[in-house]
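Novice: Under my numbering, the first residue of the sequence shown carries the number 2, and numbering increases by one thereafter.
Just so you know, the hints here were simulated from the structure itself, not pulled from any lab data.
Wrong hints could be hidden among the right ones.
Claimed, not checked - No farther apart than 20 Å at their CA atoms in a straight line, the calculated lysine to any residue pairs in the SDA-like style are these:
id: 1; residue 1: K88; residue 2: E156
id: 2; residue 1: K18; residue 2: E134
id: 3; residue 1: K88; residue 2: E119
Said to hold, decoys possible - Beta-carbon label-pair distances, calculated as ranges:
id: 4; residue 1: T133; residue 2: Y200; range: 15 to 21 Å
id: 5; residue 1: D67; residue 2: G179; range: 31 to 37 Å
id: 6; residue 1: Y200; residue 2: E119; range: 20 to 26 Å
id: 7; residue 1: S24; residue 2: G128; range: 15 to 21 Å
id: 8; residue 1: F108; residue 2: K60; range: 19 to 25 Å
Glycine included, each C-beta is placed from N, C-alpha and C at the ideal position.
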Amino acid sequence: MYGKTSYYGKKYMAALKPLLVESEDLRILVDTGIGELPEKIVKYFKPDRSMTLEKSLRKVGLSPEDITTVVNTHLHLDHCGNNNLFKGARFVVQEMEHAYAKNPHRFQKGAYVKSLFETSRFRTVSGTHQLTEDVTLIPTPGHTPGHQSVLVEGEKRYVYCGDIAPLRENYERRNIVGVLFNSVDALASIDKLRELGGYPIFSHDNEQLGL
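Model the full assembly from the supplied sequences, consistent with the hints where possible.
Specialist: Here it is as structure tokens:
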């Protein structure tokens with residue numbers, strides 16, 4: 002039995018938190034948040050744009066042109082919504098996710114916007130992938146079939162969970178998320194992240210706004 006969650010059935014103003022990683026000669030951005038949305042979709046969202054991704058980059062002295070690599074944990078619109086800002090970057094996603102995003106099942110179709118990931122600059126990988134000596138991409142399916150999380154070995158171990166554990170309680174209580182492709186895979190992926198240990202980073206948790 003999964004632990005009781007405090008958010009089910011309630012509206013939740015979710016944070017959108019891309020992660021910037023500098024490793025070797027790469028400036029890597031994990032996910033790009035939510036950008037401008039098509040009219041047919043925007044009515045379902047009320048994004049707070051007081052802090053945009055470009056503003057966040059400027060705070061650390063960077064611009065979109067400085068990003069060399071974008072890793073998308075998956076291709077839902079709130080995780081690749083600003084992909085088009087990064088004209089010079091290459092994009093890395095799991096092969097299974099890229100294929101599924103082009104032809105998703107009806108229950109996931111509304112979360113994918115093809116214009117956000119139709120680019121020749123996508124590099125697809127299959128399974129665990131060593132991006133740099135310190136950055137590893139780890140398959141964590143369940144939320145989507147090709148979801149991946151990101152392990153960063155720095156001064157300490159960091160694990161960017163993505164939407165397999167977007168809130169602390171998903172990770173700590175083993176609560177799978179409501180939007181699911183496969184619930185069995187999702188729980189196994191949460192357990193995989195817990196076994197990795199380190200400092201988990203939750204993509205939508207408002208209580209965790211800094212490292």
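Novice: State, for the Cβ atoms of Y200 and E119, whether the hinted interval 20 to 26 Å holds or is violated.
Specialist: violated (34 Å)
Novice: Just to be sure I understand the hint, the distance between the Cβ atoms of T133 and Y200 should be within 15 to 21 Å; is that true here?
Specialist: holds (19 Å)
Novice: Are the Cα atoms of K18 and E134 separated by 20 Å or less?
Specialist: Distance ~24 Å between K18 and E134 Cα, so the pair is violated.
Novice: Just to be careful, I want the Cα atoms of K88 and E119 compared with a cutoff of 20 Å; is the pair within it?
Specialist: holds (13 Å)
Novice: Just to be sure I understand the hint, the distance between the Cβ atoms of F108 and K60 should be within 19 to 25 Å; is that true here?
Specialist: violated (38 Å)
Novice: K88 and E156: Cα distance at most 20 Å?
Specialist: Since the Cα atoms of K88 and E156 sit roughly 31 Å apart, the hinted pair is violated (cutoff 20 Å).
Novice: Is the distance from the Cβ of D67 to the Cβ of G179 consistent with 31 to 37 Å?
Specialist: Given a distance of about 36 Å, which is inside 31 to 37 Å, the answer is holds.
Novice: Just tell me: holds or violated, for the beta carbon distance of S24 and G128 against 15 to 21 Å?
Specialist: Holds - the Cβ-Cβ distance for S24 and G128, about 20 Å, lies within 15 to 21 Å.
In summary, the structure is inconsistent with hints 1, 2, 6 and 8 from the numbered list given earlier, while agreeing with the others.
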